Every structure is written in C-alpha cells, then in structure tokens.
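Participant: Turn these sequences into a full structure, and let the hints steer you where they fit.
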Amino acid sequence: MVGAGELQRAPLLTFTVIILTLMGAVLAAGGVWLLALGGSLYYVIAGAALLLTAWLLWQRRAEALWVYAALLLGTMAWAIWEVGLDFWSLAPRGDVLAPLGIWLLLPFITAHLAGNMPAARWGLVAVLVLAAIVLGVALRGDRFGLNGTLAQAAGAAGTDTTAAQAQSDWTAYGATNFGTRYSSLNQITKDNVKDLKLAWEFQTGDHKGPDDPDEFTNEVTPLKVGDLLYTCSPHQIVFALDAASGKLRWKFDPQIEHHKNFQHMTCRGVAYHETKPGAVDSTGAAAPAECPKRIFLPTDDGRLFALDAETGKPCEGFGDHGQIDLKAGNEITTLGFYEGTSPPVVTDKVLIMAGAVIDNYSDKVPSGAIRGFDIYSGKLIWAFDPGNPDPNEMPSETHHFTMGSPNSWSVAAADEKLGLVYEPLGSSSPDIWAGNRTADNERYDSALVALDINTGKLRWSYQNVHHDLWDMDMPSQPSLIDVPTKDGVVPAIYVPAKTGNIFVLDRRDGHLLVPAPETPVPQGAAPGDRTAPTQPFSDLSFRPRQILTGAQMWGATMFDQLACRIKFKRLRYEGPFTPPSEQGTLVYPGDFGMFEWGGIAVDPVRQIAIANPQSIPFVSRLVPRGSDNPAAPNAAHPPGTELGVQPMYGTPYGVDLGIFLSPLGIPCMAPPWGSLAAIDLKTNQIVWQHRVGTIRDKAPVPLPFKMGVPMLGGPMVTAGGVAFLSSTMDYYIRAFDVNDGRLLWQDRLPAGGQSTPMTYEAGGRQYVVTVDGGHGSFGTKLGDYVRAYALPGNVASR
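In terms of the working numbering, the sequence shown is residues 13 to 810.
Treat the hints with caution; some may be incorrect.
Restraint ranges, calculated between C-beta atoms of paired labels, are given here [said to hold, decoys possible]:
| hint | residue 1 | residue 2 | range |
| --- | --- | --- | --- |
| 1 | Pro-762 | Pro-130 | 35 to 41 Å |
| 2 | Thr-161 | Pro-712 | 37 to 43 Å |
| 3 | Pro-111 | Asn-198 | 22 to 28 Å |
| 4 | Thr-161 | Glu-594 | 47 to 53 Å |
| 5 | Gln-758 | Asp-239 | 53 to 59 Å |
| 6 | Lys-793 | Met-406 | 41 to 47 Å |
| 7 | Leu-715 | Pro-762 | 52 to 58 Å |
| 8 | Asn-198 | Glu-594 | 55 to 61 Å |
| 9 | Gly-157 | Gln-758 | 15 to 21 Å |
| 10 | Pro-545 | Glu-405 | 27 to 33 Å |
| 11 | Arg-557 | Asp-402 | 39 to 45 Å |
| 12 | Glu-213 | Met-406 | 46 to 52 Å |
Pairs of lysine-lysine residues, derived as DSS-like cross-links and limited to a Cα-Cα distance of at most 25 Å, are as follows [said to hold, decoys possible]:
| hint | residue 1 | residue 2 |
| --- | --- | --- |
| 13 | Lys-793 | Lys-710 |
| 14 | Lys-272 | Lys-339 |
| 15 | Lys-259 | Lys-325 |
| 16 | Lys-429 | Lys-376 |
Hint data in this document are derived by calculation from the structure and do not stem from the laboratory.
As the structure is a prediction and not an experimental result, all values here were calculated from the model.
Every residue gets a Cβ at the ideal spot worked out from N, C-alpha and C, and that includes glycine.
Facilitator: Written as structure tokens, this is what we have:
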C-alpha cells in the first residue's frame with residue numbers, strides 16, 4: 013500500500029488522484045441519473061473508468077495509463093458512433109479527457125508509477141495521437157454543410173422588371189414593396205468586394221436609458237432616395253443623412269416616453285412616399301401640395317407621423333398636425349401594449365399600418381387590426397380586424413376592435429398591379445395557451461392574409477400553423493417574384509416561417525406552388541386546451557429533418573453536456589409541435605424561429621434566393637396559478653420582457669419561456685446554430701448551405717471559431733453576385749459569393765449588427781450600409797452606428 017508520507021512527496025500525483033476521483037464521482041452519479049431517465053450508459057462507464065484510474069494511480073501502478081487509454085479509445089468510438097466526424101460535436105466529449113491524458117504522461121506522474129511503464133506510456137500516446145488525427149479530419153469537413161454551385165445566369169430569366177431595373181435608390185424596407193432585398197447595382201462584384209473600405213460613419217447619439225426595457229434594439233434598414241439616406245434609432249428618432257458623406261441634414265424626435273413596461277424599444281425602419289404628377293387621394297380629390305415627399309414613422313407609443321422628407325417637419329394636413337393615434341378604436345389603450353415597431357406599407361393612395369401587441373401578458377390586450385389610411389390626410393379608410401366575425405367592421409362609438417386578435421408585427425409586402433397587400437400574422441394573445449380562443453380568432457391565426465389595398469377585404473389567406481401554441485407566427489416580410497412553372501410564368505410569393513418552412517404560393521389566389529402536405533403532429537395539450545391533429549410541412553424547408561436525441565446535446569465540456577442530456581430527458585419532447593406542458597416542453601425550432609423579421613433576399617433576374625436560417629431550441633413550461641403566479645394583475649403594468657415567467661392573465665397558466673441552455677449559459681444543442689444558404693427558385697432546391705459566424709464575441713477568450721451562430725436580421729443580394737450579411741452574434745459584416753457561398757470579405761463592427769444591410773448609388777459610387785446598434789435581449793453590444801462602405805476612391809472624412 014502507498015503511505016501518506018510517500019504521497020506527500022508526490023503532491024502533483026495526489027492532486028491528480030483527487031481530481032480524477034471527483035470527476036469520476038460526478039460522471040458516475042450523473043450517469044446513473046441519466047440512465048434512469050432512459051439516456052446513454054456511457055457516463056456511468058466513463059465515471060467508473062476515471063475512478064479506477066484514480067485508484068490505480070493511488071496504488072502507483074502503470075496500469076492506470078492503460079485504463080485511461082481504454083477510456084479515451086472508448087470515448088472516441090462512442091462519440092463517432094453518435095455524431096460522426098463533426099468536430100464541434102466531438103470536441104466537448106474529449107476536451108477535458110485529452111488534456112488530462114497528456115498530463116498523465118508528464119514525468120511528475122509517470123516517475124512515481126511501477127510496472128511496465130514504457131508500454132503503458134506508449135499505449136496512451138498512441139490513443140492521443142489517434143484522437144488528434146480524428147479531430148483533424150473532422151475539422152477539415154462539415155457534415156452539416158451542403159456544397160454546391162448555382163448555375164450561372166443565362167440572361168434575364170425573371171420578369172420582375174420593377175425590382176430588376178437599374179436602381180440607385182432603396183425606397184422601401186425590402187428595397188421595394190416586393191420585399192426582395194435585391195439591388196441591380198453591380199459596381200461591387202465578387203472580384204473587387206475585398207477592397208471595400210469604410211467611406212463614412214455616423215453616430216446617432218441615441219442610447220439605452222435607465223427606464224428602457226431589455227429589448228432595446230436597432231433593427232433598422234435605412235432608405236435612400238435622391239441624395240438623402242433616412243434611418244431611425246431605437247427611440248424612433250429619424251435622421252436624414254447626406255448619402256455621399258453621412259453628414260446630418262435633419263433629424264426628428266417624436267419624444268416618446270421611456271418606460272420599462274414597453275416590451276420592445278426598437279425601430280425597424282421608416283417608409284417613403286412621393287406624390288406623382290396628377291395624383292389624387294383616396295376620395296378622388298387632387299393631392300395636396302404640402303409634403304410632396306413624405307417619410308412615415310411609426311412609434312412604440314402607438315403613434316404614426318408623416319414628415320416632410322426634405323425638412324423633417326411634420327406634415328400639418330396629415331391627421332392631427334402631422335400624426336395619428338394608432339391606439340384609437342381599441343378598448344385597451346395602455347401605454348406599451350400596442351407598438352408600431354415596423355414601417356407601414358406605402359401605396360399610391362393608401363398607407364397600410366399594422367403593429368405589435370404585447371405578448372403573453374393577458375387576453376385583455378389591444379387588437380391586432382390592420383388599417384388603411386389615406387396617404388395624404390391620414391383618414392381611416394378601412395380596417396381588417398382578424399378576430400371580428402366581420403373583419404372589416406369599422407370602429408365607432410359603439411364598437412371597438414376585438415381584443416387580442418392576431419397582429420401583424422413584422423413587415424408586409426404589396427403588389428399594386430394586383431391590388432394586394434400581404435400581411436404576415438402572429439397568433440392571438442396570449443401565445444402559449446389557446447383554450448379560450450374563439451373560432452373567429454383562430455381563422456387567421458399565424459397566417460398570411462392577402463387584402464385588397466383599397467378596401468381591406470380579404471382576397472385569400474394561408475395558415476402556417478393551426479391552433480398555434482408555440483408562437484410560431486409568420487415573422488418575415490414575404491418576397492414577391494415571378495417564377496417559371498410548367499404552366500408558364502407565375503406571380504409567386506415566398507413566405508418564410510419560424511418553423512423553417514418556406515411556403516410558396518401563387519400570390520393571385522394563394523394556392524400552393526410547392527406542396528405542403530398536412531402531417532400528423534404530437535397530441536396531448538394542457539387541460540382545457542387542444543391541439544390540431546396535423547400541421548403543414550412545406551417541401552421547401554430548412555426545418556430539422558430528424559427529431560433531436562441525446563446525441564445532439566452539447567456543452568463546453570463533457571460535464572455540462574451531461575447536464576444538458578439530463579435536462580433534455582426531463583423535458584417533454586416528441587418532435588416539432590410538441591404541446592406546451594407543466595413538465596416543460598422542448599420547442600424546436602424555438603421561439604426565435606428559423607426565420608425572423610429579416611426574411612430572405614431574392615435575385616429576380618437569376619431566380620435565386622439567399623436565406624440565413626437559424627436553430628436554437630427553447631423551453632416552454634406552463635406555470636399553474638398560485639402565490640407566485642396570481643390570476644389577476646397586481647401591478648399597473650407588466651414588465652417589458654419576452655423571456656422568463658410571463659403571466660398570461662385570463663388563462664389557467666402563466667408560462668416560463670427561455671432558451672435551452674447549459675449550466676454555463678451556452679446552447680444545449682450542438683452547433684451549427686446559424687447558416688447561410690442559396691435556393692434555386694427554378695427548382696426550389698437548396699443548392700448550398702454553410703455555417704456562418706464565430707463565437708469570438710461570446711467566448712471568454714476571443715477565439716474566432718467558425719461554429720455557425722444565431723442571427724437576427726436578414727441578407728441582401730446584388731447583381732454583382734455578392735450577398736451581404738451583418739446579423740450574426742459576432743460583430744462583423746460579411747460578403748459572400750452567391751454562386752457557392754464562399755466568404756469573400758468581412759469587416760469588424762463596433763457593435764452588434766442585428767439589422768439587414770442595404771445598398772445604393774451616390775455620386776457614381778455604390779455604397780453598402782449597415783446599422784450597428786446591437787440587441788439587448790440577444791446579448792450583443794449596444795451602439796449607435798450607421799456605417800457606409802465603398803470601393804477606394806474619394807472616401808469621405810470620418
């Protein structure tokens with residue numbers, strides 16, 4: 013036996029024995045727990061092997077190295093069997109064991125061991141070398157990626173001349189009302205994009221205050237018209253900048269109240285309208301001379317402003333001295349319950365406005381009614397209230413809009429030739445329990461509705477999720493493009509959804525162009541609720557093709573990976589659309605959605621689309637009423653948050669919502685969490701897909717590991733064959749070759765770039781602009797930057 017005196021003369025050996033014993037005990041105990049839940053046996057075996065190694069070291073026997081080598085070899089075989097040659101899935105299974113194996117080979121350990129040391133040492137060395145080779149092979153490939161090349165453009169395949177024509181401006185959120193996020197400018201190409209330099213930078217000076225909510229974000233895509241660039245900041249301050257130099261021309265501050273009870277404090281953008289010669293208003297009268305060029309600004313406190321685009325002054329003839337109250341017509345007018353976070357749709361005569369309604373607070377919240385206003389006077393022309401038996405009933409002294417009806421918080425698209433506006437809807441409020449929703453509220457829940465621009469009457473609708481219990485709404489601006497089919501060129505609409513599905517419909521009547529068969533989904537809703545028996549699954553989709561298993565659970569080490577496996581097994585999960593539960597349900601794709609408000613970018617000439625899907629699981633746990641979750645509000649206003657415990661007053665439950673994270677605060681699902689992909693719209697096939705983004709700005713040490721990270725924001729594509737993206741969790745703007753997805757250029761940003769880039773021409777130069785303000789709840793660095801890039805030339809002073 014080894015005496016205490018001998019161990020005192022080998023303190024590092026003693027330390028190693030203690031560490032191995034602790035590691036073995038933790039793995040064995042956790043492994044037994046996991047095994048009892050129906051999980052992997054590996055952790056019990058690994059814990060036992062570490063305890064045996066510790067005991068043999070205590071006995072100073074060289075066999076300890078053989079046992080440890082067997083543990084490493086078995087771990088490697090088990091890991092490859094579970095996840096294949098994926099580096100980031102393999103790494104946490106060995107990132108503690110491999111360094112510890114090297115430690116065991118050092119002289120201050122081996123010098124104290126008896127037995128056939130050379131053989132034991134070389135056996136462990138051989139296994140460590142084999143592990144390094146396996147990891148090296150895994151690092152060179154990406155089993156989750158898809159390599160391919162888009163066919164070269166053979167000419168102008170598309171018929172969308174509005175979006176494909178040469179354009180020096182960017183006049184709507186998605187470039188045009190077609191929502192393509194495409195520019196026909198081609199001065200910047202895949203060959204010279206590497207030479208882009210910062211041309212100018214502007215700081216708004218608008219920063220988060222002590223009374224602002226956590227969801228303080230700058231998600232704006234600026235507009236450019238003539239020689240001015242229009243952008244806005246989180247407190248909805250509008251800035252008009254010289255497009256060539258970034259110098260401030262004017263700004264307008266709506267003076268909104270700062271309050272933590274707002275669920276959001278953001279501005280996704282403004283809208284622009286220009287009076288055409290001989291224009292008339294909605295009544296047929298001649299358009300007023302006042303404000304021939306207008307900027308429309310929605311605000312988080314429920315107002316809508318019309319500003320002179322040349323001066324920034326309110327247009328006095330619009331509403332009440334330049335503004336209208338969007339809370340009008342609602343029974344509930346609580347500050348912060350209705351927010352205008354996205355720009356309205358501007359058409360020739362009608363301004364179409366929707367808004368965000370507070371999530372998961374109560375069933376007594378404002379309506380999500382969509383409204384059409386006269387573009388000049390601001391007079392209400394029509395309404396579409398999705399929860400009303402008669403959706404077009406106008407508000408009056410005796411009638412209010414329906415409380416909690418589905419709202420359209422994101423950005424809409426329009427086809428003025430067809431006379432239709434396409435509004436993506438969310439679910440009725442609250443989102444996560446629906447036992448008391450009416451049939452009328454269910455009709456258009458999480459659907460796309462096509463409304464007549466002039467009357468607001470429904471032409472057609474398509475429901476993306478039936479009886480939505482997961483907040484799987486239609487989050488993105490749809491993209492309109494004319495596509496070739498066996499029946500000729502068809503006006504299509506591509507609708508990205510949080511589920512990862514992209515629904516492809518004929519935008520004239522809503523019939524599917526790509527099949528989306530109804531498929532059985534898990535059943536068993538909470539008491540008092542129900543589930544739809546089937547849900548539509550589009551054949552064009554980025555949704556996970558396989559149900560998650562314990563093998564996909566992840567961590568920085570084998571220990572937090574074990575914790576994630578235990579958490580996973582304790583949750584309810586039967587695949588997509590597993591109902592929320594008191595047990596806690598794994599929601600995958602999660603509430604962020606595989607697609608968000610950024611949408612996709614479409615090149616109508618080449619007939620291709622660029623998409624940036626992401627996948628982060630969430631946990632949804634229903635919380636019964638009790639002392640910590642009262643049935644009625646006990647404060648004047650709710651906290652401004654979308655994560656954590658939310659009350660859902662008016663239902664039997666609250667809900668605790670959060671990202672599925674390890675004890676170390678990183679996602680419990682293995683990466684990639686975000687990617688960039690290309691779709692051939694002639695075949696509706698995904699041609700290439702690559703992970704994008706690093707953990708540089710989230711890891712304790714800023715290592716640029718390319719893992720594929722979450723994103724908020726969308727891509728932009730140009731006729732130069734380049735796609736731009738700035739929405740990743742690390743602080744970069746990047747340019748990619750649309751043909752194969754190769755990274756061509758990137759530049760470091762001063763803050764999070766959770767926005768969608770845009771491009772324009774000024775003075776003969778093409779600029780690419782990104783707004784970098786960060787995102788509070790997303791966890792990126794906040795800032796107030798507007799940055800423009802251009803090829804070398806007469807670069808303006810910073």
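Participant: Are the hints correct? Go through all of them and say.
Facilitator: We went through each hint and held it up to the structure:
no.: 1; hint: Pro-762 with Pro-130: 35 to 41 Å; result: violated, 56 Å
no.: 2; hint: Thr-161 with Pro-712: 37 to 43 Å; result: holds, 38 Å
no.: 3; hint: Pro-111 with Asn-198: 22 to 28 Å; result: violated, 51 Å
no.: 4; hint: Thr-161 with Glu-594: 47 to 53 Å; result: holds, 50 Å
no.: 5; hint: Gln-758 with Asp-239: 53 to 59 Å; result: violated, 29 Å
no.: 6; hint: Lys-793 with Met-406: 41 to 47 Å; result: holds, 46 Å
no.: 7; hint: Leu-715 with Pro-762: 52 to 58 Å; result: violated, 20 Å
no.: 8; hint: Asn-198 with Glu-594: 55 to 61 Å; result: holds, 56 Å
no.: 9; hint: Gly-157 with Gln-758: 15 to 21 Å; result: holds, 18 Å
no.: 10; hint: Pro-545 with Glu-405: 27 to 33 Å; result: holds, 32 Å
no.: 11; hint: Arg-557 with Asp-402: 39 to 45 Å; result: holds, 42 Å
no.: 12; hint: Glu-213 with Met-406: 46 to 52 Å; result: holds, 47 Å
no.: 13; hint: Lys-793 with Lys-710; result: holds, 10 Å
no.: 14; hint: Lys-272 with Lys-339; result: holds, 19 Å
no.: 15; hint: Lys-259 with Lys-325; result: holds, 18 Å
no.: 16; hint: Lys-429 with Lys-376; result: violated, 38 Å
Consistency with the previously given hints fails for numbers 1, 3, 5, 7, 16, ordered from lowest to highest.
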